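As you go down the protein sequences, you meet chains A and B in turn. Its first residue numbered 1, the first sequence is counted upward by one per residue in the numbering used here. Its first residue numbered 1, the second sequence is counted upward by one per residue in the numbering used here.
To be clear, the hints were calculated from the coordinates, so they are not data collected in a lab. It is possible that some hints are incorrect.
Unchecked claim - Label pairs and their in silico Cβ distance ranges: (1) A:A105 to B:N273: 41 to 49 Å; (2) B:P52 to A:E233: 56 to 64 Å; (3) A:A108 to B:N273: 51 to 59 Å; (4) A:D270 to B:A272: 51 to 59 Å; (5) B:G163 to A:D270: 41 to 49 Å; (6) A:L208 to B:R317: 54 to 62 Å; (7) B:K10 to A:A244: 54 to 62 Å; (8) B:G49 to A:D269: 50 to 58 Å; (9) B:P52 to A:V207: 39 to 47 Å; (10) A:A105 to B:G163: 57 to 65 Å; (11) A:D265 to B:P29: 35 to 43 Å; (12) B:T292 to A:G126: 44 to 52 Å; (13) A:D66 to B:A271: 26 to 34 Å; (14) A:C44 to B:G163: 29 to 37 Å.
Stated by the list, open to error - Listed next, the in silico EDC-like pairs over lysine to aspartate or glutamate satisfying Cα-Cα at most 20 Å (straight line): (15) A:K112 to A:E124; (16) A:K243 to A:E226; (17) A:K185 to B:E23; (18) B:K11 to B:E23; (19) A:K112 to B:E129; (20) A:K185 to A:D206.
Bear in mind that the values here come from a model prediction, so they are computed numbers and not experimental data. Every residue gets a Cβ at the ideal spot worked out from N, C-alpha and C, and that includes glycine.
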Amino acid sequence: MYTLKEPASPDPLTVESMPSIETLNGIATQVRRDIIRMTNQAGCGHPGGSLGCADLLTALYFHVMDHNTDFNMDGINEDIFILSNGHVSPLFYSILARAGYFEIAELATFRKLNSRLQGHPATEEGLPGVRIASGSLGQGMSVAVGAALAKRLNGDDHLVYSLHGDGELQEGQNWEAMLFAAHHKVDNLVATIDLNGKQIDGNTDDVLSLGDVSAKWHAFGWKVLEADGNNMEEVLHTLDQAKAACGHGRPVVILMQTTMGKGVDFMEDDHHWHGVAPNDEQTAIALDQLPETLGDF
Amino acid sequence: MLESISYTEKKDTRSGFGAGLLELGRQNPEVVGLTADLAGSLKMNGFAGEFPDRFLQCGVAEANMMGVAAGLTIGGKIPFTGTFANFSTGRVYDQIRQSIAYSNKNVKICASHHGLTLGEDGATHQILEDLGLMRMLPNMTVICPCDYNQTKAATLAIAQHQGPVYLRFGRPKWPVFTDPDQPFEIGKAQLLNEGSDVTLFAIGHLVWKAVEAARVLAEKGYAAEVINIHTIKPLDTKTVLQSARKTGCVVTAEEHQLHGGLGDCIAHVLAANQPTPMEIVAVKDTFGESGTPEELLTKYGLDTPDIVQAALKVMARKNT
Numbered sequence: 001m002y003t004l005k006e007p008a009s010p011d012p013l014t015v016e017s018m019p020s021i022e023t024l025n026g027i028a029t030q031v032r033r034d035i036i037r038m039t040n041q042a043g044c045g046h047p048g049g050s051l052g053c054a055d056l057l058t059a060l061y062f063h064v065m066d067h068n069t070d071f072n073m074d075g076i077n078e079d080i081f082i083l084s085n086g087h088v089s090p091l092f093y094s095i096l097a098r099a100g101y102f103e104i105a106e107l108a109t110f111r112k113l114n115s116r117l118q119g120h121p122a123t124e125e126g127l128p129g130v131r132i133a134s135g136s137l138g139q140g141m142s143v144a145v146g147a148a149l150a151k152r153l154n155g156d157d158h159l160v161y162s163l164h165g166d167g168e169l170q171e172g173q174n175w176e177a178m179l180f181a182a183h184h185k186v187d188n189l190v191a192t193i194d195l196n197g198k199q200i201d202g203n204t205d206d207v208l209s210l211g212d213v214s215a216k217w218h219a220f221g222w223k224v225l226e227a228d229g230n231n232m233e234e235v236l237h238t239l240d241q242a243k244a245a246c247g248h249g250r251p252v253v254i255l256m257q258t259t260m261g262k263g264v265d266f267m268e269d270d271h272h273w274h275g276v277a278p279n280d281e282q283t284a285i286a287l288d289q290l291p292e293t294l295g296d297f
Numbered sequence: 001m002l003e004s005i006s007y008t009e010k011k012d013t014r015s016g017f018g019a020g021l022l023e024l025g026r027q028n029p030e031v032v033g034l035t036a037d038l039a040g041s042l043k044m045n046g047f048a049g050e051f052p053d054r055f056l057q058c059g060v061a062e063a064n065m066m067g068v069a070a071g072l073t074i075g076g077k078i079p080f081t082g083t084f085a086n087f088s089t090g091r092v093y094d095q096i097r098q099s100i101a102y103s104n105k106n107v108k109i110c111a112s113h114h115g116l117t118l119g120e121d122g123a124t125h126q127i128l129e130d131l132g133l134m135r136m137l138p139n140m141t142v143i144c145p146c147d148y149n150q151t152k153a154a155t156l157a158i159a160q161h162q163g164p165v166y167l168r169f170g171r172p173k174w175p176v177f178t179d180p181d182q183p184f185e186i187g188k189a190q191l192l193n194e195g196s197d198v199t200l201f202a203i204g205h206l207v208w209k210a211v212e213a214a215r216v217l218a219e220k221g222y223a224a225e226v227i228n229i230h231t232i233k234p235l236d237t238k239t240v241l242q243s244a245r246k247t248g249c250v251v252t253a254e255e256h257q258l259h260g261g262l263g264d265c266i267a268h269v270l271a272a273n274q275p276t277p278m279e280i281v282a283v284k285d286t287f288g289e290s291g292t293p294e295e296l297l298t299k300y301g302l303d304t305p306d307i308v309q310a311a312l313k314v315m316a317r318k319n320t
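Okay, chain B solo, but in the shape it has when bound (with noise of 0.2 Å):
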C-alpha cells in the first residue's frame, strides 16, 4: 500500500475548499457563503462571482458572521463561512456556542490558514488550539482533512450533514495524494498503510508527513500502519482500538497543541479501553512564530523525522 501512496503535484487545501464550494452552490441552492474580508484567501471568489445572491461579504466582523449565519438556518439555508482558523474559532468561541452549538443550527464553519504551516504571518494567526476548542463544544462535528481532494470532497460531505460542523484546513501547498472522486465518509477513519508494528495516527498535513515517516521506517525493517484521521469528532473509535490491538503502540501527529487535539483524543480512548504505550507529536506547549511551514515544522518537532524517532521510541516501550 505504501509503495502505492504517491503525488504528481501539490496543491493548497484551502483551494480544494473552493472548489467544493463551487460544486456546491451549483448543486443545491440552499447553501449560502459568507465570509469576513477573506473571500480570496478562502477561494471563496468562484462562488461569489457565480452566485453574488448567495454571497454575504461581512467585513471583518466575524462576531456577526457566526450569528448572521446561525440566523440563515432558520428558513432553511445552509450557511458556509469562510475565514482563518483562528477567527472561526477562538475570536467568535461564544457566538458558536451559544448562536450554533447549542441552538444545533445548520452552519458550516469552514477555517483556512490552521496551526503552523500559515507560515511567516507568525503566532497570531498561527492557531494550534482550534481542535480543543471546537471538539468540546456538543453537537459540533470536527473534520480537519489531509489534502485538496479530501478537502474538496469533505465539504461536499458536510452539506449533507444536518448540524454544525467545524472544516479545518490550510495555506500552503501540499502534496496531492488521495483520491480525486473519493467519497468522504464523516467519521471514518482512512486505513492508509496497513502495518503491524506501530500504528501512526495522523490530521491534516501530518497525514502526509505519516507516510513518509511509515516509508522511513520501513527502510529500518518496521511495518508501520498509516491511519487518516480527518474526523476528530466524532472518533472513530473502533478503528483506533483495533489497530492499536494489532500493532501494541501508537503515535499520534497534528499541527496542534499537544493539548486537546487528536493525541488527547486517542489518548482517552485508549485508557479507557486498553492502556497502549503512546508517543503524541504535538506542539509543546508553546506558541509559534515566522517562518516557512517546512521551517516551522522541523523547529517544533512535527516533521518526518520527529514521527519516526517518536515510533521507535515507542516501539521500544512495547518491548519493554
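Bound-form chain A, shown alone (with noise of 0.2 Å):
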C-alpha cells in the first residue's frame, strides 16, 4: 500500500522555484497556442478536449509531479502519468516538449510521415515520455493500475496519475478496472476525468448518457473529488487533496468539469471541435486570444 511520505522541510531554494499561477496560466496559454498551431499545420487531429485539459497537464508536469525529463520506461522513483484518451495527442506533445523531455522544434512534425508524433501517442517510435500506446479508448484505466501495483512491488512511494475522457467511459474495460482497483486497494493512483460533457457525435447525454458520474465512482468504492478543471487554482488546491487521499486504501479519482475548446471563443462548448483542425483565417483568429508567452515552436 502506498505511504505518505514525510513533509519536506521547507528549502527556500524550492519555495522560491515553485511556479506562481500566473506563471502556470502562462504555460498552458503557450500550450493552448501549441495545440492550435500543431493541430493547423497538421490539417487535422483532436484541438477541442487537448484545449480543454491544457490547464490540468500544466499543473501536473510543472508543478504537481516529481518527474524526470531523463526519461527512462520504467520510470521508478518518480511520479508517472499515463494518458488513456489518447486523441489529445497535441496537448500531450506540447506538454513533454515544454517540460522538455524533447526539443520544442519537434512539434511541427505533429501527425507528419516519419515523426515520432503520431496522430495518437505511441512508444514504437521512441518518444521521451510516452509510456503506452492510446488512442483505442477505454485502455488506459488498466494500464495505470497495472503500473500503480508495480510501484506497490517495487517500494516506490509515487504516485500515477492518468487521463481519460469522458465518453470514453462508455467503454466497459473502464468499470472492470476500477472495480478491479478498488478490489485491490491501489491507493496510489490517482485518475482524472474530463467531464466535457461532448463527444464526436455531440453531447454525451445525447450519445449515450453517463448518468450521475459521481455516484457511480462512489458506488465502485473510490474517493471522489471534484473540480473546475479550467481554474488553475482549483486545479491545484484537488491535485493536492488527491495526493493527500492517496495511502489510505482507496484509488483516487478527480471528476474534472471541463470546457472543450477552452480558450478559444468560437470552440468552446462546441462538440464540433473534437476532431477538426482550424483553418488558416480560423487559427489567426484563436492566436489573437492566445497571446504567446515562452515563444512558439
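Could you use the hints to bring the two separately framed chains together as a complex?
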C-alpha cells in the first residue's frame, strides 16, 4: 500500500522555484497556442479536448508531479502519467516538449510521415515521455492501475496519474478496472476524468448518458474529488487533496468539469471541434486570443 | 530416432505451465502472475500460494487483466496472464494489439484449453483461430509446445525473452515424450525424426500424432521426417526449407483452422522460396463441437490416420 511521504522540510530554493498561478496559466496559454498551431499545420487532429485539459496537464507536469525528463520507461522513483484518451495528443506532446522531454521544434512534425509525434501517442518511435500507446479508448485505466501496482511491488512511494475522457467511460473496460482497483486497494493512483460533456457525435447525454458519474465512482469504492478543470488554482488545490487522499486504501478519482475548446471562444463548448483542425483564418483568430508567452515552436 | 521416442506417462501441458511458473517465481522476483478467475484451470495455484503478493486475481474481466499486465511492465515487472486461449486472444484482441503488441510490452500471455482437445465444453471455448490472430501482430512471439516437459521449458524460456509472447497449451492428459531437462530455444524447430520421403511439420498436441503417423508410414516403407514447430513466430524458415528440399514434399498438422495457422506459415515460406507439394491437416473452416478429445480429432480429420493419408497423397503427387 502507498505510504505517505514525510512532509518535506521547508526549502527556500524549492519554495522559490514553485511556479505561481500566473506562471502556470502562462504556460497553459502557450500550450493552447501550440495545440492550435500543431493541428492547423497538420490539417487534422483533436483540438477540442486538448484545449480543455491544458490546465490539468500544466499543473501536473510543471508543479505537481515529481518526474524526470531524462526519460526512463520504467519510471521508478518518479511520478508517472498515463494518458488514456490518446486523441488529445497535441496537448500531451506540447506539455512534454515544454517540460523538456524533447525539443520544442519537434512539435512541427505532428502527424507527419516519419515523425515521433504520431496521430495518437505511441512508444514505437521512442518519443520520450510516452509509456503506452493510446487511441483505442478505454484501455488506459487498466494500464495506470497496473503501473501503480508495479510501484507498490517495487516499494516505490511515487504516484501514478492518469487522464480519461468522459465519452471514453462508455467503454466497459473502465468499469472492470474500477472494480479491480478498489478490490486491490490501489491507493497510489489518481485518475482524472475530463467531464466536458461532449464527444465526437454530440453531447454525451445524447449519445449515451453517463448518468450520475460521481455516484457511480462512489459506488465502486473510490475516493471521489471534483474540480473545475479550467481553474488553475482549483486544479492545484484538488490535486493536493488527491495526494493527501492517497495511501488510505482507496484509489482516487478527480471528476474535472472542463469546457471543450477552452480558451478559443468559437471553439468553446462545441463538439464539432472534437476532431477538426482550425483553418488558417480560424487559427489567426484563435491565436489572437492566446498570447505567446514562451515562444512558439 | 523414431524408435527412441516413447512415453511412460500422460500429463496435461497446462500443468507444465503451472510447474514452470512456480519455478520462475522462485527464480525471478519480477515475475507476476495474473488470472481471470481460472487459477485452478491454469494450474497457477502453486505460484499463487507461494507468492500471494505477486499474484493478481482479476475476476472475469480479461480486458482489464491485459491492461493491468501492460501497466505492470512499466516498473520492470514480467507479468504472466493466465486464462483460456479463447479469452486470451479473440476476446481481448484490441487490448493486446494496442497496450501490449504496439506498445511492445514484456507481457507473457499464457493460454490453456486451446483447440478441439478441450473437449466437452464445445465450440464456444474451442478456439481454433488464436495462432492466426496472434501471429498477425507485429512484435508478438507465438509458441505452442508439444508436451508437459516442453511447456514447462518454454514457460521458463519466455521469461528470458524481452517482448510480448503468446504461449499456448492445453487441457487433456497427453503423452510426455520430450526430455524433462531440455533447453528451449525460441524460434528453433525441433527435429524429432530424420526421414527422406516426406516431412511432417506439426505443432502442439499434434506433434505426438505426427510421431505416430511416422511409425505407420515406416511400416509401409516410407521414411518420414518429423519436425516440431513449437514456435510458429518467428518461424524457423531455415529448417523448414532444408527439410522440404531434402524430402520434396510436406504435410503440416495443427489443432487450428486451415486459415492462419501452421499450414499458412509453411505454405508462405515454401511458395516464396521453393514451391513444394504440400498437404495441410487442420480444421476445415468450421467450428468444433462437444465430444472427447480423441473423438473430436477423429471427426475433424486431425488424427494419426489423417496425417498418414495426407502424407501418402502428397508423396504420390511428388512422384508424378
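Status of the hints after comparison with the structure:
no.	hint	verdict
1	A:A105 to B:N273: 41 to 49 Å	46 Å, holds
2	B:P52 to A:E233: 56 to 64 Å	44 Å, violated
3	A:A108 to B:N273: 51 to 59 Å	44 Å, violated
4	A:D270 to B:A272: 51 to 59 Å	53 Å, holds
5	B:G163 to A:D270: 41 to 49 Å	43 Å, holds
6	A:L208 to B:R317: 54 to 62 Å	57 Å, holds
7	B:K10 to A:A244: 54 to 62 Å	58 Å, holds
8	B:G49 to A:D269: 50 to 58 Å	55 Å, holds
9	B:P52 to A:V207: 39 to 47 Å	43 Å, holds
10	A:A105 to B:G163: 57 to 65 Å	32 Å, violated
11	A:D265 to B:P29: 35 to 43 Å	55 Å, violated
12	B:T292 to A:G126: 44 to 52 Å	51 Å, holds
13	A:D66 to B:A271: 26 to 34 Å	56 Å, violated
14	A:C44 to B:G163: 29 to 37 Å	32 Å, holds
15	A:K112 to A:E124	15 Å, holds
16	A:K243 to A:E226	14 Å, holds
17	A:K185 to B:E23	28 Å, violated
18	B:K11 to B:E23	18 Å, holds
19	A:K112 to B:E129	36 Å, violated
20	A:K185 to A:D206	34 Å, violated
Hints 2, 3, 10, 11, 13, 17, 19 and 20 from the list above are not met by this structure, while the remaining hints are.
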